[in-house]
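Student: Here is how the chains run, residue by residue.
2 protein chains.
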Amino acid sequence: MRSPPPPPHHSPRNGDATPPHHYHHHRHYQSTVSVQKLRRFNWLILVLRLAAFCFALASSIFSATNSRGPSSPHWYDFEALRYVFAANAMVALYSLFETGASVWEILKNATLFPETFQLWFDFSHDQVFAYILMSAESAGTALARTLKGSETCAASSAFCIQSDIAIALGFAGFLFLAFSSLLSGFRVVCFLVSGSRFPN
Amino acid sequence: MRSPPPPPHHSPRNGDATPPHHYHHHRHYQSTVSVQKLRRFNWLILVLRLAAFCFALASSIFSATNSRGPSSPHWYDFEALRYVFAANAMVALYSLFETGASVWEILKNATLFPETFQLWFDFSHDQVFAYILMSAESAGTALARTLKGSETCAASSAFCIQSDIAIALGFAGFLFLAFSSLLSGFRVVCFLVSGSRFPN
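Chains as they are written, first to last, in this note's numbering: chain B, 88 to 287; chain A, 88 to 287.
Since the hints were made in silico from the structure, they are not lab data. Each statement offered as a hint is correct.
Calculated cross-link-like contacts (lysine to aspartate or glutamate; reagent style EDC-like; alpha-carbon spacing at most 20 Å): (1) A:Lys235 <-> B:Asp164; (2) B:Lys235 <-> A:Asp164; (3) A:Lys235 <-> B:Glu166.
Given only the sequences and the hints, what does the whole structure look like? Please build it.
Tutor: Quick look at the structure:
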């Protein structure tokens, strides 16, 4: 019969002994605060990415299913609705990728790509996609408001309502993307100025 | 007999002796480079502000004069064109103010308002106005493309062409505004991280 393994060591490691160097202790404390802040920052980015992904995905699904048989108008016939779908689908894919990169960063404490590349990649894509998404939703809104007065909405009000929902979801996705673009911009400049992607 | 005066000392001053404080000399050199960089940075911002002002002003003038007598369509009847005019007029006023603030900064070497307020004011307004301008131009484009197929453009093609020009000018203004928003974002983060609006 095999003996059971020894019980794991349950006493807390903190406070076992007084730290030998007060200065060292202080520095360690500071760096713990900074690590905590960095972790909170990374979690905030992850939440924003995830929210942007959800809203953009929902918006593109609402856009792409906006058709009710051959007698009803089809979303594909309207340029602005195609633009809304394309922009939201792109942002959904991008946000999915960035969510993965963010999870990687939280788990491994390092960026997925080399740091400089990752920071510039995130920031430039955030900027461009935020402007594209804003542009698409605005174009969609302009079309939707034009359609409101036309016979298209009178004949099939469900089509117009679904377009409105898709556009509104896209605007919500834009808000999260714009906010993550602020954070990734902060990381880039922080890296340029202080050599680290988060201030110490 | 008097001896001739000693010949003037022609040897170059550099190399007479080693400079007493090499460190001081080096720091002075660095700060000169940094002042030059700061000046170039400020001039770049001024040029961008001025360009954004010119394009936004031109776009709002083109928008607001887009009417050819009572028989022709009037820009004010189209929601999206009102939006284009309003956004460009706002951006023109804002850019004029920022051009003034930029000239003040170059002349006085200090920001117009207290530094923290000025940096955040610039950055937040740049961001918001850039998104608004992008939104307005996209909505205008969507309307212009819808009008292309309608009888409005067939009856008065000059109206549609002038709308297109106004929208194109607005997009150019957007590019300059978006670029200055990057620079003012850089200044804000630099100030947050290093305590100065420009890295030393």
